[in-house]
Amino acid sequence: MMRDTMTSAERMGAVMKGEKPDRVPVIPFIFGHCALVAGQPLACVFDNPEASFKVQLQAAELYGYDGTPLYAYASAGGWEFGGDVEFPYKKYSGATVVTRHPAATEEEALNLKVPEDITKAGALPLALEMARLQMKHHMPVTMHIGSILSWTGSVIGEERMLTWMIRKPELVHSVLDKVAQFQVKVAEHYVKEFGPEPIMAFVGAATESNRLISPKQFETFVLPYVSRVNQSISDLGVQVFFAHICGEQNKNLKLWQKVPFGKRAVMSFGREVCLKTAMEMFPNSIIAGNVDPSLIQEGKPEEVLDQARECIEMAKYHPGGYVLMSGCDVPPLAPPVNVFQLIKASREFGRY
Amino acid sequence: MGGDKMTSQERWEALVRREKLDRVPCLQFILGHTAVVNGKPIAKIYDDAAASLACQRNAMEMYGYDGLILHGWANAGGFEFGGEIEYPYRRYTGAPMVTKNPVQSEEDAANLVVPKDITSAGSVPVALEFSRLQYKLGMPVTIQVGSPLTWAGSICGEERLMPWLIKKPDLVHHVLRKITDFILAKTELWINEFGPERMMAFDLCIETNKLYSPRQFETFAFPYLKEIHGKLTDMGVAIFLSHICGEQNKNLKFWSQLGFGKRGMISVGKEITLQAASEAFPACVIMGHVDPVVIQEGTPEQVLALCEQSIAEGKNHPGGYALMSGCEVPPQAPPSNVAQMVKACRLYGQY
Amino acid sequence: MAKTEEILERLKQCVLKGDDQGAVSAANDAVASGIDPDKAIMEGLVAGMGEAGALYEQGEYYVPELMVSSEALYAGLAILQPLVLSKGTNTKKGVVIIGAVQGDVHDIGKNLVKLMLQVGGFEVHDLGRDVDMEKFVEEGQRLKADLICMSALMTTTMIAIKDVMPTLRAKVPTAKILIGGAPLNQKIADAWGADGYGESAMDAVKVAQRLMKCAV
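Chains E, A and C, in that order, give the protein sequences. Using the numbering used here, read the first sequence as starting at 1 and increasing by one per residue. Using the numbering used here, read the second sequence as starting at 1 and increasing by one per residue. Using the numbering used here, read the third sequence as starting at 1 and increasing by one per residue.
Simulated from the structure, these hints should not be mistaken for laboratory data. A hint or two may mislead.
[What the hints assert, rightly or not] Straight line, CA to CA, 27 angstroms or less: simulated DSS-like cross-link-like pairs of lysine-lysine:
(1) A:167 to C:17
(2) C:187 to A:210
(3) E:90 to A:40
(4) E:91 to C:17
(5) E:136 to E:263
(6) A:136 to A:250
(7) A:178 to A:210
(8) C:171 to C:135
(9) A:210 to C:162
(10) C:162 to A:270
(11) C:135 to A:100
(12) C:187 to C:92
(13) C:144 to A:40
(14) A:20 to A:262
(15) E:90 to C:206
(16) E:90 to C:135
(17) E:300 to A:40
(18) A:210 to C:17
(19) A:100 to A:116
(20) E:113 to E:20
(21) A:136 to E:300
(22) A:250 to A:262
(23) E:91 to C:162
(24) C:187 to C:171
(25) A:210 to A:226
(26) E:90 to C:17
(27) C:206 to A:210
(28) E:185 to E:258
(29) A:226 to A:168
(30) A:136 to A:210
(31) E:216 to E:254
(32) A:168 to C:17
(33) C:17 to A:250
(34) E:20 to A:5
(35) C:93 to C:135
(36) A:315 to A:5
(37) A:343 to E:136
(38) C:171 to A:270
(39) C:93 to E:91
(40) A:40 to E:91
Modelling step: build the complete structure from the supplied sequences, incorporating the hints.
Right, here's the structure in full:
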């Protein structure tokens, strides 16, 4: 196995600048798992920024990967607009869940207001505390601002939103518009507090999956708003975006191509999108992915290593740059030895 | 990796050969934990040779430590002499447990004999398979050789054995004699198959001074340890590793009289200072002694601090030094804590 | 009187020396002499065990010595305790549940604590070793335990104590919880919310007595 000749910061810096790193960087995309390998409650990555920062750093040190700590959760939006959440303290729970959606009725949706003070909205206080830690430690300041449809689903209730997309599209548009306004307000605050240079806008697009919506619905309900938000953020000076295009989204890719992602984008994909396809569709973006998280949890170490090797061999020389990543959040209960296979693969097969 | 100038293999060989090292090695006494980080049942470490070896190798690669990989457990003996055990499949169990001692009475003890077929006694089949795999991969071939008094507790049940030390000493000596004969016969088996040069004999000795007086150690532990250590040393066994568990300061004067093969390695817990270990075993590698409870329950910073302290105390021992936990790394220890040990060697252990 | 003192001293010395037969003989003599059986137990047998414990703390006695002493104590108790029970004046100081936790078969220390609490006048229910954690809760509820003692000798098994603590507190809220065993310490006991920690078997008995006085 090769000996590293760069630090993590140097390696990621090289990729971001379009330069050659010593080897393929590894960002597992890893939250709850970090808490568990530190012997802490899983929920701490969501409800305790200081602890979250610490356990994420400790996991990076344990495994030797290149990502830095960040704050995000898939069901964001509902709490921010006044709903209720439950942190994952129960057995088998792995992430924050919305227990009461703030726009669960037509009336509530019509009357939905954009929160006045974004710094107090939902998880924003926690996210900002994490951002301040990132800034203090000269790390990218991650700003969770999407995806637009996932957040809207969290505000309305996913099942309800999908039905309204057909029966009450104007309601969905109304909420989408408010969510977009909120996300821009968040970006304005972040830029005011941290300046645009250190910021990396993070978009986690799960509800946009073609297992849920059609490309037509993406075009109608997602594209206008995500484009608007991203452009506004770019106009504020934020140059770097990280987009996690979750799950089966092959039919959306042509539409994602139309979405502005600042000057430098990292586009991460799940197993469902072939890395070759991603490379063709996004030639100038850094492509990240796409080892199957289920394999990381249930497979043998050699199977994980093999799939990671395949990913590296396929994408290593992508002109826009490449980062080895899991296809989605590394399962909290994944055996550590399996997670380590990603770094091992990078060292064995990812040397430049 | 991490700025190291040697690989783990190179570092281990340099330690054994008394050659120059890049930094303090990290040798782990780590069994069930390797199964946990592989997502496997802890019991696999004990009942499945191939799985055990794979788990231990994978864990060693992930953490970056420099050894040890072995098959055995402290309360051995009961199974080998015909008792029953339970492998640790249940929650909270971490090692095989004797569920029926082969000796339940004075009569049983008096009639205790060495099993006729060593190769099928208790854990020997799995241990032998494990050693064959080690041999095939060019690794040190490990064999557990005691300790006899610890095994006597497993065979008779500690609560039965202890009063006998006072009331029926001859019976205890009889049991110890049989155990020693078994261990020597088992070792012969290993030497005939693998040769002594590749062998690492190890004993896990829990006859602490919290249980036994130094006089009881001298009478019931020392003579048999001396015999085993002496004979194995005479047979040319390459490495002898003794885990002197817990509070055994008053036993050190006996331990220091034993032979330790061509290269002795002594592991101690926090109860024995590395200074005392260094004085008792000037020519042996001393290993230790980070508190396993802190590795399980403490913060990474606390673990790192203890490692730093151990390294400072042991680093320059003339016989050689390796950072190790004071006893088995707890299976449920947070991996981020375990990782502090190699980190400490890199930060504080440079030569 | 002199004879009483002599017999009490014999009981004590037999326990101290681990002389089962001597303890039986002295216990029979105590009965024959009309010595109050409670007095014979406490000032003879238990006093001997107390001295054995003190010698252990001083590093003179070790566990084998404690065990033979306890065997002698049990031998004498077998004669004297039925007489105490038949008097009907035996007032229990409290109900105690004791056991070695799930996965742990080390019970020597636990047995010593059990013995000392029994002779100290507590009603002790020994759950044994490798006890399912649910059983501590169930028996604690059923017996309305005043004190629940859990021992763990390994890092793997000590976790069971941490895990069961919230359930014990919720379901047996009036019980005091005392823990002991090699990998534990006062800091861990405090962090896990135990009421007491025994550094050794003898220490555990003292802590138990302190906790029960507080409880009564």
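To see whether the hints hold, each was checked on the structure:
1. A:167 to C:17: holds (11 angstroms)
2. C:187 to A:210: Between residue 187 of chain C and residue 210 of chain A the Cα gap is close to 21 angstroms, so the pair holds against 27 angstroms.
3. E:90 to A:40: holds (23 angstroms)
4. E:91 to C:17: violated (54 angstroms)
5. E:136 to E:263: Holds. Residue 136 of chain E to residue 263 of chain E sits at ~24 angstroms (cutoff 27 angstroms).
6. A:136 to A:250: violated (41 angstroms)
7. A:178 to A:210: Given that 27 angstroms is the threshold and the Cα spacing comes to 26 angstroms, the pair holds.
8. C:171 to C:135: Holds. Residue 171 of chain C to residue 135 of chain C sits at ~12 angstroms (cutoff 27 angstroms).
9. A:210 to C:162: At roughly 25 angstroms apart (the allowed maximum being 27 angstroms), residue 162 of chain C and residue 210 of chain A satisfy the hint.
10. C:162 to A:270: holds (24 angstroms)
11. C:135 to A:100: holds (22 angstroms)
12. C:187 to C:92: With a Cα-Cα distance of about 31 angstroms, the restraint between residue 187 of chain C and residue 92 of chain C is violated, given a limit of 27 angstroms.
13. C:144 to A:40: violated (40 angstroms)
14. A:20 to A:262: At roughly 18 angstroms apart (the allowed maximum being 27 angstroms), residue 262 of chain A and residue 20 of chain A satisfy the hint.
15. E:90 to C:206: Status violated; Cα separation ~38 angstroms.
16. E:90 to C:135: holds (23 angstroms)
17. E:300 to A:40: Holds, because 10 angstroms separates the two Cα atoms, which is no more than 27 angstroms.
18. A:210 to C:17: holds (19 angstroms)
19. A:100 to A:116: holds (20 angstroms)
20. E:113 to E:20: Answer violated: residue 113 of chain E to residue 20 of chain E is near 47 angstroms, above 27 angstroms.
21. A:136 to E:300: holds (22 angstroms)
22. A:250 to A:262: holds (25 angstroms)
23. E:91 to C:162: holds (16 angstroms)
24. C:187 to C:171: Given pair residue 187 of chain C, residue 171 of chain C holds - Cα atoms ~24 angstroms apart, limit 27 angstroms.
25. A:210 to A:226: holds (22 angstroms)
26. E:90 to C:17: violated (55 angstroms)
27. C:206 to A:210: The hint holds at about 19 angstroms.
28. E:185 to E:258: holds (23 angstroms)
29. A:226 to A:168: Judged against 27 angstroms, a Cα distance of about 22 angstroms means the pair holds.
30. A:136 to A:210: violated (41 angstroms)
31. E:216 to E:254: Given that 27 angstroms is the threshold and the Cα spacing comes to 11 angstroms, the pair holds.
32. A:168 to C:17: The given pair, whose Cα atoms are some 15 angstroms apart, holds under the 27 angstroms limit.
33. C:17 to A:250: Holds, because 23 angstroms separates the two Cα atoms, which is no more than 27 angstroms.
34. E:20 to A:5: holds (24 angstroms)
35. C:93 to C:135: Holds. Residue 93 of chain C to residue 135 of chain C sits at ~23 angstroms (cutoff 27 angstroms).
36. A:315 to A:5: Roughly 18 angstroms between the alpha carbons, so the hint for residue 315 of chain A and residue 5 of chain A holds.
37. A:343 to E:136: Holds. Residue 343 of chain A to residue 136 of chain E sits at ~24 angstroms (cutoff 27 angstroms).
38. C:171 to A:270: violated (38 angstroms)
39. C:93 to E:91: Violated - the C-alpha atoms of residue 91 of chain E and residue 93 of chain C are around 40 angstroms apart, more than 27 angstroms.
40. A:40 to E:91: Measuring from Cα to Cα gives roughly 20 angstroms; hence the hint holds.
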